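Trainee: These are the residues of each chain, in order.
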Amino acid sequence: MNQPTPPHRTDDRGGQEARPGRLARSGRVGRWEGRGCSWELARGLAAAALVLMALFAQPFGPPGLSRSEAGTTGLPGPVSLAAQVPADAARARYERAMEDFRQLQQEGEQLRPRLDQVAATIQNYRDAGNQRAMNDVFLNEFLPRNQRLQDVTVRAGAAKAVLDEARREFLRVLRAREEVLLAELDRTPPPSRAREEEINRQVVRLRQEVNELEREREPIAEVGFSPVPRFDVAPTDGPVELNAQAAFLEQRAQTNVSLIILVDEEIRVREQRLRLERADQDSRVGIIRFDGDRPPGTGPGSRSAAGQAADGRAGDARGGERSFAELPLGEQIEQLRSVRMQAEEARDEALERAAQLRRLAIVRGGGRP
Amino acid sequence: MSVERMPRPLIQTLLALLLLLPPVGAAEGQLGWRDLVVTGGMSGEGYQGNLPSAGAVLQDSTRTASALVGEVGLRGDGFWRRNGTTRATLFVDGGLRQFAARGFQQRDYAPREWVGEAEVTFYQDLGNSALFSAFTGVRGREVQDRTPMPLFLQPGYMALNGGASLRIGSTAWDWLDLSVSAERADFSAPEFAPQVRLLDRESITLQLAGARGLDPQQGLDAFLAVDLAHYREQETFDSLDPYRRDQTLRARVGWTYRGGMVARAGVEGRLNRSNSRRPEYRSLTLDGQLSTVVFGSTVATAYLVLTAKEYQESIPFARLLPGEEANSASTAFISLSRELARNLDGAFRIGWTRAEAETGDDYFQRLGAGLLLTYRPGL
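The listed protein sequences derive, respectively, from chains A and B.
The working numbering puts the first residue of the first sequence at 1410, with every later residue one more than the last.
The working numbering puts the first residue of the second sequence at 0, with every later residue one more than the last.
For the record, the hints were derived by calculation from the structure and aren't laboratory data.
Quick caveat, the model's predicted, so the values are computed rather than measured.
Backbone N, C-alpha and C fix where the C-beta goes; we use that ideal spot for every residue, glycine too.
There may be inaccurate statements among the hints.
Label-pair ranges, simulated between beta-carbon atoms [said to hold, decoys possible]:
{"no.": "1", "chain 1": "B", "residue 1": "Gly258", "chain 2": "A", "residue 2": "Ala1529", "range": "50 to 56 Å"}
{"no.": "2", "chain 1": "A", "residue 1": "Met1750", "chain 2": "B", "residue 2": "Phe131", "range": "50 to 56 Å"}
{"no.": "3", "chain 1": "A", "residue 1": "Ala1567", "chain 2": "B", "residue 2": "Asp173", "range": "31 to 37 Å"}
{"no.": "4", "chain 1": "A", "residue 1": "Glu1574", "chain 2": "B", "residue 2": "Phe294", "range": "46 to 52 Å"}
{"no.": "5", "chain 1": "A", "residue 1": "Arg1624", "chain 2": "B", "residue 2": "Glu338", "range": "40 to 46 Å"}
The following residues of chain A were derived to be distant from chain B, with all beta-carbon distances above 10 Å [to be verified]:
{"no.": "6", "residue": "Glu1518"}
{"no.": "7", "residue": "Glu1675"}
{"no.": "8", "residue": "Arg1682"}
{"no.": "9", "residue": "Gln1690"}
{"no.": "10", "residue": "Asp1691"}
{"no.": "11", "residue": "Ala1734"}
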C-alpha cells in the first residue's frame, strides 16, 4: 500500500513560526496571498459565495437528493462546495454502486461456465447426430442462458458507469475535505496542537482512502459472452504443453463452429416464419384496407382490441422477463444474429491463438503432433 | 390534388394521423416501428349483379362492369418502449385507390377512394398476471365520383372509437381479455343522396376473449361479444321506440398453426335482434387462411370466408342498407408472393367476393386479379 504524502513543515503566511507536524497544501499557495487582501475578508466572501451556490445548486440537483447530497452529483462547482458533503454519504453511494456491480459481475461469472457447458453438450449431440436433442438444448438451455448473460452484461455496463461516477464523486469529496482540513491548519490564529494532530491524522486517513480509490481505477473484469481462455505461456512451456493448449483452443473453436451452424438453421427457420407471417398479414390488410364491402368495425377480418393482442402487438407490454420464445420473431432473429456474431468472433479468436501457440511450439523445437 | 380539393373527412383523418404519429427522434431508443410497409399495385376487376342500392347516388342499367384499379398504401406498427417494456403502440394505415371504370351505360366513371386509420393503445402492467390497456382510434374514408351498382363502393364516413381492456393470466387459458369499446360513425352523404346518413350509428361492444396454446406451434382463440348499436337516423315508425336499436351476439372459435406454414381456421356465429323487424337474422361464417412456402422464397396464401345467413322473418321489401351486407359476404382469395429484391416483395393475387345487396338474398359479385408490390424500408 502506498503511504500518503508525508507531512512537511511550512509557513506560507510569512513570518509566522512554523510548527512541527503541520500539514499543508502540497506546493500550493493561498489564492489571496501576495495581493494585499485581508484573509478574513477572503474567507467571508468565500463563505457567502458558498451559501449562495449551495442555495442555487439545489434546484439543479437530481430529484430526491438532499441539499448536501446534491453536491455529490458531479455538477460543476468549487471544490469547497463538495467539501460540505458528508463523506459518509459519498462513501455509502460508492459502496452501493460497487456492491451492485460486483453482484452482476458474479452473476456473469456463474453464467459463463454454464453456457460453455451447454455449448459443449450441443457439440456432443451434434457429433452423435441427435438433431432433436441438439435443437432442444439450444432453444431451451443455450438461448435463455445467453439471453440472461446478455442482459447481465448490459446491466453490468450501466452499473460500471454508475460506479465510475460514484468513485469520481467520492474522490472529489475526499479531496475537498482534505482542502478544508489543510485550510484549517493555515488559519489564523492556528488551531491548538491537539486539533492540529487530529487534523494530521484525518488527512493521512483521507490520503490513504484516496490512494485506495485511485488503485480501484484499474480495469475491473467485464462480463460477457463466453470469452476465449487466455493461456499465459511460461518460458518453461515446451512444444507438448503448447500443442496441448492449442488443441484445447481448436476444440473450443469447433464448438463455436457447431453453434454457428445451429444458429444459421434457427435464423433460417425464423426468417421463413417471418416471411410467412408477413405474407399472411399483408394479405389480410390487402383485403380489409379499402373496406370495399364492409361497414366500419364489422365483418370477418375486422380488428378489435382483443384481435390486436392476439396478433402479438401487446406481447411485450407485459413487464418482467420474457423467454426467448415470447419475443417477436424479428427480435428473435436479431438475438440469434448477435449470438452468431459473438460465436464467430470467439471462433476466430480461438483459432488465431491456437495458431500462435502452434507456431511457438515449432519455434521451441517441436513440430505439430 | 390541392388541399382545398381534398375531402373534409380525409383532412380530419390526416390531421388525426399526424397528431398520433410519434415525433421522430423525440426520445431516441424509445420510439420505433415494428413494421412499416409501403404498398403499390395494379389490378383488373369485374363486377356483376345490377341490384338496387338506396345508398347509390346514381342508377345504371348495366348488369356487368369492369375497372382497372391502381392503389398505393402505407401501414405502420409503431411502439413506445420504456425500460424494455412497451408502454404504447401506434397503428396507422392509409391508402389511395383510383379506378378507371368501364361498361356503364351512362358514362365511364373514375372513382377515387381515400382511406385512413390510426389507433393508439396505451399499456399498463398490473403485476405479473394482469395488463390494462386503453385505446383510441380514428378511421375514415372518402369516395369521389362514386359509381352506380354493380361496382359497389362503400360510402365515405368518419368513425371514432375508444375503449379499454383488461387482460389476465389464467390457468385454463394463456390469457383472458375483457374489453369494452365504443364507436361513433358518421357517413358523408351527398346533398342529393341524404339517405346515406341512415347508416350513421353509435355502438358499444363488450367482449370476452381468450387464447390457449395447445403446443408451441398451435393454439386456440375464442371470443364472445355483445354489440349494442343505435342508428339515430333510422326510424322504426313506433312512437314509443322511434329509432332503430340492434343487439348482436357474436361468438367465435379459431385455431392457429405457426410452423412450416401459417394456418388459421375459425367459425363465427351471429345473432342479430332489433326493435325493427327487417334486420333480424342469424348467420354463420367459416373462415380459413393458409400461407406456405411453395418454392424458394415464394409464399402462397389462400384465404376463404363463406357465410350462410337466415332472416328471422321473410319481408318482401328492402331490408338492408348498403354496408350492412358485410355480415353475409363470402370471399375467396389466392396470392403468390416472392422476394424481388432486399425488402421488396411482389405478389400476384386473384380474389372473388360475393356480397349481399340491400335486398335480402340478392347478391352482387366481384372478381379481380392484380399485382402488388410491398416494400419494407430498413426492416
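Trainee: For every hint, state whether the structure bears it out.
Mentor: Here's how the hints hold up against the structure:
1. As the Cβ distance of B:Gly258 to A:Ala1529 is approximately 30 Å, the hint placing it in 50 to 56 Å is violated.
2. Under the hint 50 to 56 Å, the C-beta atoms of A:Met1750 and B:Phe131, about 38 Å apart, miss the expected range.
3. About 33 Å separates the C-beta atoms of A:Ala1567 and B:Asp173, a value consistent with the hinted range of 31 to 37 Å.
4. Between A:Glu1574 and B:Phe294 the beta carbon distance is about 57 Å. The supplied range of 46 to 52 Å is therefore violated.
5. In this structure the hint that A:Arg1624 and B:Glu338 lie 40 to 46 Å apart at CB is violated, the actual value being about 57 Å.
6. Distance to chain B confirms A:Glu1518 as a non-interface residue, since its nearest Cβ pair spans about 24 Å, more than 10 Å.
7. Every CB of chain B is more than 10 Å from the CB of A:Glu1675 (nearest about 14 Å), matching its label as outside the interface.
8. At roughly 7 Å from the closest C-beta of chain B, the C-beta of A:Arg1682 falls inside 10 Å, breaking its exclusion from the interface.
9. Not every beta carbon of chain B lies more than 10 Å from that of A:Gln1690, the smallest distance being close to 8 Å; the non-interface claim is violated.
10. A:Asp1691, annotated as away from the interface, has a beta carbon of chain B within 10 Å; the closest lies near 6 Å.
11. Chain B draws A:Ala1734 into its interface by the beta-carbon criterion, the shortest separation being 7 Å against a cut-off of 10 Å.
In summary, the structure is inconsistent with hints 1, 2, 4, 5, 8, 9, 10, 11 from the numbered list given earlier, while agreeing with the others.
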